[in-house]
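Asks: Please put together the full structure from these sequences, using the hints given.
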Amino acid sequence: MSPQRVVITGLGPVTPIGVGVAAFWNGLLEGRNGIRRIQAFDPARFASQMGGEVLGLQIADYVPKSYRKASKIMARDIVLAVAAAHQAVSDAGLRTRCLLDRGDAQGEPNFDPARFGANIGSGLICADLHELAEALHSASENGVFDIRKWGAEGMNNLTPLWLLKFLPNMLACHVTIVHDAEGPSNTLTCGEASSYLAIGEACRGIARGVADVCICGGAESKANPMALLRQSLGGRLSQRNDAPESACRPFALGRDGTVVSEGGGLVIIEELEHARKRGARIYAELVGFGAANDVFQAGQPGQLSPNGRGLALAARKALKDAGISADQVDLVTASGYGISHQDKAEAAGIREVLGQRAADVPVMSIKGGLGNNGAGSGAIEFIAAVMAVHSGRIPPAINSQPPDPECALKLVTGGPVDAKIEYVLSTGFALTGGQCAALVIKRWHE
Amino acid sequence: MNRRVVITGMGWVTPLGCELERVWQRLLNGESGIAPTTIFDAGSYPTQFSAEVKDFDFQATLGEHSEDHGTASRNARFALGAAEMAWKHAGLDRLESGATPEMTGVYLGGGEGPIDFENFVAAAVAGWDPQARQLDAVRWAEVAYERLDAVREFEQDPNCAAHHIACRFHAEGPNLNTLTACAASTQAIGEATMIIRRGDADVMITGGAHSMIHPLGVTGFNRLTALSTRNDSCATASRPFDATRDGFVLGEGAGILIIESLENAQRRGARILAEIIGYGSTADAFRVTDMHETGRGPIAAMRAALADAKVAPQDIHYISAHGTGTEENDKIESLAIGTVFGDLAKKVPISSVKSMLGHLIAGAGAVELITCVLAIRDGIIPPTANYSTPDPNCPLDYVPNKPRKATVRTCLSNSFGFGGQNDTLIVRAFE
Chain A
1 MSPQRVVITG LGPVTPIGVG VAAFWNGLLE GRNGIRRIQA FDPARFASQM GGEVLGLQIA
61 DYVPKSYRKA SKIMARDIVL AVAAAHQAVS DAGLRTRCLL DRGDAQGEPN FDPARFGANI
121 GSGLICADLH ELAEALHSAS ENGVFDIRKW GAEGMNNLTP LWLLKFLPNM LACHVTIVHD
181 AEGPSNTLTC GEASSYLAIG EACRGIARGV ADVCICGGAE SKANPMALLR QSLGGRLSQR
241 NDAPESACRP FALGRDGTVV SEGGGLVIIE ELEHARKRGA RIYAELVGFG AANDVFQAGQ
301 PGQLSPNGRG LALAARKALK DAGISADQVD LVTASGYGIS HQDKAEAAGI REVLGQRAAD
361 VPVMSIKGGL GNNGAGSGAI EFIAAVMAVH SGRIPPAINS QPPDPECALK LVTGGPVDAK
421 IEYVLSTGFA LTGGQCAALV IKRWHE
Chain B
447 MNRRVVITGM GWVTPLGCEL ERVWQRLLNG ESGIAPTTIF DAGSYPTQFS AEVKDFDFQA
507 TLGEHSEDHG TASRNARFAL GAAEMAWKHA GLDRLESGAT PEMTGVYLGG GEGPIDFENF
567 VAAAVAGWDP QARQLDAVRW AEVAYERLDA VREFEQDPNC AAHHIACRFH AEGPNLNTLT
627 ACAASTQAIG EATMIIRRGD ADVMITGGAH SMIHPLGVTG FNRLTALSTR NDSCATASRP
687 FDATRDGFVL GEGAGILIIE SLENAQRRGA RILAEIIGYG STADAFRVTD MHETGRGPIA
747 AMRAALADAK VAPQDIHYIS AHGTGTEEND KIESLAIGTV FGDLAKKVPI SSVKSMLGHL
807 IAGAGAVELI TCVLAIRDGI IPPTANYSTP DPNCPLDYVP NKPRKATVRT CLSNSFGFGG
867 QNDTLIVRAF E
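Going down the list, the protein sequences come from chains A and B. Position 51 of the first sequence, counted from 1, bears residue number 51 in this note's numbering, the numbering being contiguous throughout. Position 282 of the second sequence, counted from 1, bears residue number 728 in this note's numbering, the numbering being contiguous throughout.
Hints are computed from structural coordinates only; laboratory data are not their basis. All values reported here derive from a predicted model rather than from experimental measurement. For glycine and all other residues, C-beta sits at the position ideal for the given N, C-alpha and C. Among these hints, one or two may not hold up.
Below, a list of computed lysine to any residue pairs in the SDA-like style, where the Cα atoms sit at most 25 Å apart [stated by the list, open to error]:
1) A/Lys320 x B/Arg644
2) A/Lys69 x B/Glu739
3) A/Lys149 x B/Phe486
4) A/Lys149 x B/Ser679
5) A/Lys69 x B/Thr735
6) A/Lys320 x B/Pro547
7) A/Lys72 x B/Thr735
8) B/Lys777 x A/Pro160
9) B/Lys792 x B/Thr856
10) A/Lys65 x B/Arg733
11) A/Lys72 x B/Arg733
12) B/Lys792 x B/Glu739
13) B/Lys777 x A/Leu161
14) A/Lys149 x B/Glu739
Simulated coverage check for chain B against chain A, where a stretch passes if three residues somewhere in it have a Cβ under 8 Å from a Cβ of chain A [unchecked claim]:
15) 590-597
16) 666-680
17) 862-868
Replies: Okay, here's the thing in structure tokens:
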């Protein structure tokens, strides 16, 4: 991929089935399911009433005491990212100011803040309807909104820093502040492809020599009324409300849509010598990245071409970048939203890349128990992929039986399987916008 | 791989119009694109004016392609229009690009599409339960299902403009959107440059677009007290570096550039407008609301760009400032330039075209980089308009009110975003 080798040294998932890498990975191996009827609000009027929620998350557990006031202006997406960041830097053994101040780590900082970069994927953060609706209501008479009243007084019911809760780059902003990341910083907003692109681009930054270590990935919450409505209007969601745990059925016959979810993941990637010098544990090596756009549907909010063209293109680029052929891929991680035509197109793209080996290469799909975490989903899948190559185990896909013969992928189902994995191809694509990305992860050999 | 990257086409959609040369002339004349807001009734807002896009005919600009993109949001239309003009400016409507679709990509700093305000508000007002003092999600959903439209909602996603452009120009290569607030399109151009430099694409369509001139966008900035409230004299309200400045003026629009590897440009016989030689990106990592008092983030971004370009401060002939016209930005930016440039700081001309165009937010940096390329081409520096009262905190040469003839070979362009995002680009005359 590059003159500089880039390794993965810290994993920080925040998901409906577990927070932190141990809980998350065990949850995947056990086939834990995080989809329930939505609890954050009453979903009774929505066509789809289920979601994945990260329950019991307390922001105070993830920021220094001095930063608690700033946490009042964090949208849910930001809270998820800050929690993921704490998990990731802790897991990597990076002694950031946050960890030292909180007593979660001891000693002196073990990195140069100017060489610590961030690239964090973010969604279109939905405004907190509760706060906004109250303010808008105050500027209405008999249910009719009066913009003159709003401009003169109604808007003053919003906190002065209201806008800053929802700017997509506030995930990176808060994370870089609490963990002293003063290096190159970016926020990618490419739907569900965001965190794959963020991890790939962060890797390129290290390869270019502008950073030693990066925190990268993404987070989003779609478990709120506005996001649920958008996905529902778009006809993407399962209506299997009487059986939430079996609603999201990746690549299965009878699938009827995906499920909204929240969560995210941030990972620490690092230049190899930097990691070695500080004695970091190395999970795996990041060796390939490819990106593409699927231009199938001109001008409309995109969907994959029926043959998965954009996804296949990104995957082939990533393999080429890694200097390997499709014959060397031991595991593929797929998005598998559980949406009828998207799963079919995705499977076609993966089959095309694998060629004759499509029937033999195991495919991992984890959305069955997680739902669609938006901009956070790629990072969550990436973390699962890293753990698979690191541990030599593949967690089972849940709800993927009976398989759809039109998808024809070799999904791992039932229980986890042991496998000798040298290379994983981790792929993702945005449900809107056609962005596709792929990463190749290699087993680490000392 | 470390390939040279050149600019071969430029297009913009701005509050001073959409025709490249005409807008440039108006900037040199010091004209203002700022007027009372017409997009919505801002009559009772603290700020009642803005810099709205003028003279933009989407259908005429896109021609036969406009129907394919009929659902595009306001800012995606700006992006498509500017891209169409840049594509033609690069000669790509007549010449083969010489790059395959998979080596042609898009990297935008595109904002979110404007919210469907009328229908959003109807649902929010209906959904608020004043007795219980909470949102009744059931009532909200009843109205929202009825009034909101799926396509209009999805078109607000910030990655849609990049997809529209990819579809229009059959760009199947890397496709990304960054939304680092006011720094986004500078960041996009810098990152797109790196993608070509390292060989992941031969041609990139890059820049940015944004429109936040809608009731909630202006609300957000007014609540932050970031906007000028000079309602009685809005054409002079954007006053970067002036002692009487009282905030920025919200603008809208797009700037798009066609950039390509030098080999690709030469192979197809393209006219080369300038070379992008340096890019730096940093985070303040200080506070959500304030810049660090020493300007450490902007300093580090400028130094990173200079190092990347392998040039020294004395090689810079013009600085296109972020220059928003807020008290804090202009002071810290001047301080940061002083630190990076030392004794040279008072000699290098600095200006902010935001004094005339307002602040295009995510689109600002791309429009400003285009002015840098034109300054190099014509040997003339656009002025900072509305400059009348020197501020001791801003003691540099801001090219006040009148354009200045100068030999301009190398320009540095700054963009800083809320939350401590800092990006700097350096462009040079092509040799």
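Asks: Now tell me, hint by hint, if it's right for this structure.
Replies: Each hint, compared with the structure:
no.: 1; hint: A/Lys320 x B/Arg644; result: holds, 14 Å
no.: 2; hint: A/Lys69 x B/Glu739; result: holds, 20 Å
no.: 3; hint: A/Lys149 x B/Phe486; result: holds, 14 Å
no.: 4; hint: A/Lys149 x B/Ser679; result: holds, 24 Å
no.: 5; hint: A/Lys69 x B/Thr735; result: holds, 12 Å
no.: 6; hint: A/Lys320 x B/Pro547; result: holds, 17 Å
no.: 7; hint: A/Lys72 x B/Thr735; result: holds, 13 Å
no.: 8; hint: B/Lys777 x A/Pro160; result: holds, 22 Å
no.: 9; hint: B/Lys792 x B/Thr856; result: holds, 17 Å
no.: 10; hint: A/Lys65 x B/Arg733; result: holds, 15 Å
no.: 11; hint: A/Lys72 x B/Arg733; result: holds, 14 Å
no.: 12; hint: B/Lys792 x B/Glu739; result: holds, 20 Å
no.: 13; hint: B/Lys777 x A/Leu161; result: holds, 22 Å
no.: 14; hint: A/Lys149 x B/Glu739; result: violated, 38 Å
no.: 15; hint: 590-597; result: holds (count 6)
no.: 16; hint: 666-680; result: holds (count 6)
no.: 17; hint: 862-868; result: holds (count 5)
Going down the numbered hints, you'll see the structure goes against just number 14.
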